[in-house]
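Visitor: Start from the sequences, fold in the hints, and give me the full structure.
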Amino acid sequence: MSKEYVKTTRVKEPKAKVEKQEKKKIKTVTMTKVRKKCVLLAKKIAKHRDKNRCQRCWKYTTGHDCQWSHVIAESRDKRLSCDPRNIKVLCYKCHARWHECPTESWDWYAKAFPENLNYLNELHRNIDKSIGVEYFQNELIVLQNTIEKLGIALK
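So for the sequence shown, this note's numbering puts the first residue at 17; every next one is plus one.
Simulated from the structure, these hints should not be mistaken for laboratory data. Be aware that one or more of the hints could be misleading.
[Unchecked claim] Computed cross-link-like contacts, EDC-like style, restricted to lysine to aspartate or glutamate with a CA-CA straight-line distance of at most 20 Å:
| # | residue 1 | residue 2 |
| --- | --- | --- |
| 1 | Lys67 | Asp81 |
| 2 | Lys63 | Glu90 |
| 3 | Lys127 | Asp66 |
| 4 | Lys59 | Asp93 |
| 5 | Lys109 | Glu120 |
| 6 | Lys59 | Glu90 |
| 7 | Lys52 | Glu90 |
| 8 | Lys94 | Glu138 |
| 9 | Lys59 | Glu164 |
| 10 | Lys63 | Asp81 |
| 11 | Lys67 | Glu164 |
| 12 | Lys94 | Glu150 |
| 13 | Lys109 | Asp93 |
| 14 | Lys109 | Asp123 |
| 15 | Lys53 | Glu150 |
| 16 | Lys59 | Asp81 |
| 17 | Lys63 | Glu138 |
| 18 | Lys49 | Glu90 |
| 19 | Lys52 | Glu138 |
| 20 | Lys127 | Glu116 |
| 21 | Lys49 | Glu150 |
| 22 | Lys109 | Glu164 |
| 23 | Lys52 | Asp93 |
Guide: Written as structure tokens, this is what we have:
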């Protein structure tokens, strides 16, 4: 009768590497939270600026029909995600069309808002890949001051 032995090996990660990964996670979560607050405030400013009117069909929008969309997607440039000039108010139908026909929508936006598009493209070209939580904390203060100056109610 032979006994079978299963050899198990225990792999240990170096402690320093684990601590570094944990710090990185904490920083990312904090930056994401601050950025999302910034985006929320930027959306409120855009809604106030556009007076709840769809920027494509000029229909007055409320409730679920009042939607926001980024000109340059959040996934392409996190920094622009909290810039009110990168956010437009659209009704439900125009928002769906914006995503269904991106080329046509981009052409429309370039004709309707050429100065704004030039501004956004210039900022996007000058992306600083090393932005951190400090950038969004500063942006949050700027947005909060803008909200206060415009007298926008925070609910």
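Visitor: Next pair to validate is Lys63 with Glu138; report whether the Cα-Cα distance is within 20 Å.
Guide: 24 Å, violated
Visitor: If you draw a straight line from the CA of Lys63 to the CA of Glu90, is it 20 Å or shorter?
Guide: Holds, at about 18 Å.
Visitor: Given the hint that Lys94 pairs with Glu138, test it: the Cα-Cα distance must not exceed 20 Å.
Guide: With a Cα-Cα distance of about 15 Å, the restraint between Lys94 and Glu138 holds, given a limit of 20 Å.
Visitor: Take a quick look at whether Lys59 and Asp81 sit within 20 Å of each other, Cα to Cα.
Guide: It holds: about 15 Å lies between the C-alpha atoms, which stays within 20 Å.
Visitor: Please verify whether Lys109 and Glu120 have alpha carbons no more than 20 Å apart.
Guide: Given that 20 Å is the threshold and the Cα spacing comes to 15 Å, the pair holds.
Visitor: Lys59 and Glu90 were given as a pair; does the straight-line alpha-carbon distance stay at or below 20 Å?
Guide: 13 Å, holds
Visitor: Below or equal to 20 Å on CA atoms is what counts here, so check Lys53 against Glu150.
Guide: At roughly 14 Å apart (the allowed maximum being 20 Å), Glu150 and Lys53 satisfy the hint.
Visitor: Given the hinted pair Lys49 and Glu90, is their alpha-carbon gap at most 20 Å?
Guide: Given pair Lys49, Glu90 holds - Cα atoms ~14 Å apart, limit 20 Å.
Visitor: Taking 20 Å as the top limit, are the C-alpha atoms of Lys67 and Asp81 close enough?
Guide: 14 Å, holds
Visitor: Going straight from one Cα to the other, do Lys63 and Asp81 come out at no more than 20 Å?
Guide: Cα-Cα ~12 Å, so holds.
Visitor: Just to be careful, I want the Cα atoms of Lys127 and Glu116 compared with a cutoff of 20 Å; is the pair within it?
Guide: 19 Å, holds
Visitor: Keeping to a limit of 20 Å between CA atoms, is the pair of Lys127 and Asp66 held or broken?
Guide: Since the Cα atoms of Lys127 and Asp66 sit roughly 17 Å apart, the hinted pair holds (cutoff 20 Å).
Against the hints set out earlier in the document, violations occur for numbers 13, 17, 19, 22.
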